[in-house]
Amino acid sequence: AQSVTQPDIHITVSEGASLELRCNYSYGATPYLFWYVQSPGQGLQLLLKYFSGDTLVQGIKGFEAEFKRSQSSFNLRKPSVHWSDAAEYFCAVGATSGTYKYIFGTGTRLKVLA
Amino acid sequence: EPEVTQTPSHQVTQMGQEVILRCVPISNHLYFYWYRQILGQKVEFLVSFYNNEISEKSEIFDDQFSVERPDGSNFTLKIRSTKLEDSAMYFCASTDDMDSPLHFGNGTRLTVT
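Protein chains in written order, with my numbering: chain A, 1 to 114; chain B, 1001 to 1113.
What the hints contain is simulated information worked out from the structure, not anything from laboratory work. Nothing false has been slipped in among the hints.
Calculated lysine-lysine pairs in the DSBU-like style (CA-CA distance at most 30 Å, straight line):
#, chain 1, residue 1, chain 2, residue 2
1, A, Lys49, B, Lys1042
2, A, Lys111, A, Lys68
3, B, Lys1042, A, Lys68
4, A, Lys111, B, Lys1042
5, A, Lys61, B, Lys1042
6, B, Lys1057, A, Lys49
7, A, Lys49, A, Lys68
Just chain A, with the same shape it has in the complex (with noise of 0.2 Å):
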């Protein structure tokens, strides 16, 4: 079955400090991967997307994330942390069977020290 998961229910990290978040799927195919981030009371916005190709993905607001195959997983990761980061962060895979959706993972929760 598909699943995605997120190790970490919550982080904190200094601003300025680099930061990496873990993201493990379980897919058969070669999955799309992507990045959401919440930030409290608001929607599910897109911070990047893995189709094909270039396994190291840049995304909005500094992000990158990288697909590794062979360890099944899709870190986000970024080099320097700022205060608006702080959020919940959601891993998701699309799933092609039945119909297209998304399998969340449930998040990771990410506080910013001044």
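Start from chain A and add chain B according to the hints.
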């Protein structure tokens, strides 16, 4: 940039009442979805809709739920006889094809008292 819009942003209802959550997907999109996020939990797929019919529904989407595209722009989720456990954020999403990401609305927070 075109957006998916959802109304209302917050709905409070009493247990047993019916609610209709409304969504206006992006105008040229063909695939529509509803997702649910119970507070503190992950975002869960409810239903997908294409060509004026349900493509797939999850176990959560039982007879209490229904979806409709009443006209060329709106996409609604009806919840009959609401229960306390229906309290959640409900997200509408749309896309124009399966090689494009889903665009999500800002959600409707449903509180059942």
